[in-house]
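> Okay, here's what each chain looks like letter by letter:
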Amino acid sequence: MKGLKIVVLAKQVPDTRNVGKDAMKADGTVNRAALPAIFNPEDLNALEQALRLKDKYEGTEVTLLTMGPGRAAEIIREGLYRGADNGILLSDRAFAGSDTLATSYALSCTLKKMGKIDIIIAGRQAIDGDTAQVGPQVAEKLGLPQITYAEDIMSAEKGKIVVKRRLERGVETVEGKMPMVVTVNASAPECRPRNAKYVMKYKHARAVSEMQNADEDYIALHNNRPYLNIGEWSVNDIDTNSEELGLTGSPTKVKSIENVVFQAKEAKVLEPTEADMGELMKELIANHTIG
Amino acid sequence: MNNVFVYCEIEEGQVADVSLELLTKGRKLADDLKCELEAIVIGENLKGVEKQIMPFGVDKVWIADDKRLYPYTTLPHTSILVKLFEEEKPQIALMGATSIGRDLGPRVSSALHSGLTADCTSLVIGDHEDKKNKKEYKDLLYQIRPAFGGNIVATIINPDCRPQMATVREGVMKKEIVSDAYKGKVKNIDVEKYVKPEDFVIKVIERHMEKSKVNIKNAGIIVAGGYGVGSKANFDLLTELAEVIGGEVGASRAAVDAGFASHERQIGQTGVTVRPKLYIACGISGQIQHTAGMEESAMVIAINTDKNAPINAFADYVITGDIADVLPKMIKQYKENTK
Numbered sequence: 007m008k009g010l011k012i013v014v015l016a017k018q019v020p021d022t023r024n025v026g027k028d029a030m031k032a033d034g035t036v037n038r039a040a041l042p043a044i045f046n047p048e049d050l051n052a053l054e055q056a057l058r059l060k061d062k063y064e065g066t067e068v069t070l071l072t073m074g075p076g077r078a079a080e081i082i083r084e085g086l087y088r089g090a091d092n093g094i095l096l097s098d099r100a101f102a103g104s105d106t107l108a109t110s111y112a113l114s115c116t117l118k119k120m121g122k123i124d125i126i127i128a129g130r131q132a133i134d135g136d137t138a139q140v141g142p143q144v145a146e147k148l149g150l151p152q153i154t155y156a157e158d159i160m161s162a163e164k165g166k167i168v169v170k171r172r173l174e175r176g177v178e179t180v181e182g183k184m185p186m187v188v189t190v191n192a193s194a195p196e197c198r199p200r201n202a203k204y205v206m207k208y209k210h211a212r213a214v215s216e217m218q219n220a221d222e223d224y225i226a227l228h229n230n231r232p233y234l235n236i237g238e239w240s241v242n243d244i245d246t247n248s249e250e251l252g253l254t255g256s257p258t259k260v261k262s263i264e265n266v267v268f269q270a271k272e273a274k275v276l277e278p279t280e281a282d283m284g285e286l287m288k289e290l291i292a293n294h295t296i297g
Numbered sequence: 014m015n016n017v018f019v020y021c022e023i024e025e026g027q028v029a030d031v032s033l034e035l036l037t038k039g040r041k042l043a044d045d046l047k048c049e050l051e052a053i054v055i056g057e058n059l060k061g062v063e064k065q066i067m068p069f070g071v072d073k074v075w076i077a078d079d080k081r082l083y084p085y086t087t088l089p090h091t092s093i094l095v096k097l098f099e100e101e102k103p104q105i106a107l108m109g110a111t112s113i114g115r116d117l118g119p120r121v122s123s124a125l126h127s128g129l130t131a132d133c134t135s136l137v138i139g140d141h142e143d144k145k146n147k148k149e150y151k152d153l154l155y156q157i158r159p160a161f162g163g164n165i166v167a168t169i170i171n172p173d174c175r176p177q178m179a180t181v182r183e184g185v186m187k188k189e190i191v192s193d194a195y196k197g198k199v200k201n202i203d204v205e206k207y208v209k210p211e212d213f214v215i216k217v218i219e220r221h222m223e224k225s226k227v228n229i230k231n232a233g234i235i236v237a238g239g240y241g242v243g244s245k246a247n248f249d250l251l252t253e254l255a256e257v258i259g260g261e262v263g264a265s266r267a268a269v270d271a272g273f274a275s276h277e278r279q280i281g282q283t284g285v286t287v288r289p290k291l292y293i294a295c296g297i298s299g300q301i302q303h304t305a306g307m308e309e310s311a312m313v314i315a316i317n318t319d320k321n322a323p324i325n326a327f328a329d330y331v332i333t334g335d336i337a338d339v340l341p342k343m344i345k346q347y348k349e350n351t352k
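Taken in sequence, the protein lines are chains A and B. Taking the numbering used here, the leading residue of the first sequence gets 7, the next gets one more, and so forth. Taking the numbering used here, the leading residue of the second sequence gets 14, the next gets one more, and so forth.
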């Protein structure tokens, strides 16, 4: 049986969930260097959905696509360790300053170049922006239908895809035709861990920009084992209209950024004693806040 | 032309609260801009729906009524909005940051090449000077939202592309009727002219819409826990206090991620926004993505082992201590004082 061709859109993001004290500079701004870069959590949920389809439908190929700087190749390796077949890093200064729309444009141009794809799966949103826009915007640019908030891709066969969605007040099962764009919620199953066999196989997988200081032996290794070469594409590898790229192609502009500085307000300080708690409760009852 | 548009969501024949909140904000923006407020409703059996909408100061209600348009699917709603926006050229378009608005908004913005800002916490009109290109812009929509995990607050503008699009979560804006007698026009959309047969490729084959059991949004008292609560067992103390004083239990994202509480209890930028009369924050440090969802609480009690926790800046009462020690004392004292 002919398998599916699946592309997973993934993003490397700063781990905004673990903003410790050292992550803030003395002036109250974010010290990005102190934040670890991670595989965006919902993109891992998306990868798991892709890998489940691969388990189910023989011959299925899972390709990761990420846009970012050279170091974003790290998440492609992470994906390979968990069972993806290959990956493409889309990296170019031309994409710098992209908002969600310019990002979607660059990704959609890349996806067009990648040939026939049955399902494009992405995380619902990334934790650095929380916008949930790139998936639907890519779908629109490719003229494909979309299923967002997916929790389970139940089946994908005979050209049809059936997906369970998790909404605010319940669940919905929808059916559509492939090719389809699907975005996956955090409520979907967690991604499987790394597989030791794949870690051994792919630990030397590198993108071109990571090979610049490689010695001859390392280059020879990569020549002998083509699967260790992570695809790296620049703006020249895809057909784009430069007006729609990067900052120029971004309709939204950041007018100003305010770092969050907490302003002190007079508060009553209480000790965790029976007496203080008693006074507090009397006050709250007296002013009808509780009771 | 060039008016403010609000996309109204329908649930079981009722216009969603988030849409009514956006109509209220839309009215204010239209007043500031001296233009009209228009609403668009897409669904089935919508006869008379304008009666729910016009009292919020809506000058024109667009209705697309067709049995294929409910329940919501992406493509036909997108086609209608895209075509209508091309014809009517709104300067601003607002929708709820719901599973519908966040599915539809990006699609429409991508088709129109217009800027969209998700999950805004504030929308105001203001000017902008582009110093580099020596251009002045009057009356832009400032779309203000926390970003980068809530560590910064960004003001986003769309200088050149229209409409300026934004989504806002339920409960963030206030809902206020202008007048029950407010008179606007109704415009029925000829659906056939706006949708294509291929827009109906996605079929909803099953739906169980269950009302969420937890309703922290309308709770008068909320006892909320953060990661600092430390364990599920300690979280049970919050539940006990909430039951005793007649409140609901809420949680920060970190507490939900840690498995202490379920997602529907999450308060903050990616959860719900609450305005209770009393908010008791237990073991919550007070990152802005959480405080964005509770800062309008009338009274805040912060209980934390860290006496410098940022949440204390919002607090009326600060108790420095351990949850496992403080909460049982509060429960006991409440019971003693209400005998």
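Hints are not guaranteed to be accurate.
[Claimed, not checked] Cut-off 27 Å, straight-line C-alpha distance, at most; resulting in silico cross-link-like pairs (DSSO-like, lysine-lysine):
1. B:Lys148 - A:Lys259
2. B:Lys348 - A:Lys261
3. A:Lys274 - B:Lys64
4. B:Lys64 - B:Lys102
5. A:Lys183 - B:Lys216
6. A:Lys274 - B:Lys148
7. B:Lys216 - A:Lys259
8. A:Lys259 - B:Lys96
9. B:Lys102 - A:Lys170
10. A:Lys261 - B:Lys41
11. B:Lys145 - A:Lys164
[To be verified] A partial selection of chain B residues facing chain A, derived with a Cβ cut-off under 8 Å:
12. Arg81
13. Ile190
14. Val191
15. Ala194
16. Lys216
Worth flagging that the hints you see were computed from the coordinates, not collected in a lab. Beta carbons are placed, not taken as given, at the ideal position from N, Cα and C, and that holds for glycine.
> None of the hints should be skipped; say for each whether it holds.
Results of checking the hints against the structure:
| no. | hint | verdict |
| --- | --- | --- |
| 1 | B:Lys148 - A:Lys259 | 14 Å, holds |
| 2 | B:Lys348 - A:Lys261 | 52 Å, violated |
| 3 | A:Lys274 - B:Lys64 | 48 Å, violated |
| 4 | B:Lys64 - B:Lys102 | 25 Å, holds |
| 5 | A:Lys183 - B:Lys216 | 10 Å, holds |
| 6 | A:Lys274 - B:Lys148 | 50 Å, violated |
| 7 | B:Lys216 - A:Lys259 | 37 Å, violated |
| 8 | A:Lys259 - B:Lys96 | 25 Å, holds |
| 9 | B:Lys102 - A:Lys170 | 36 Å, violated |
| 10 | A:Lys261 - B:Lys41 | 22 Å, holds |
| 11 | B:Lys145 - A:Lys164 | 54 Å, violated |
| 12 | Arg81 | 14 Å, violated |
| 13 | Ile190 | 25 Å, violated |
| 14 | Val191 | 28 Å, violated |
| 15 | Ala194 | 33 Å, violated |
| 16 | Lys216 | 5 Å, holds |
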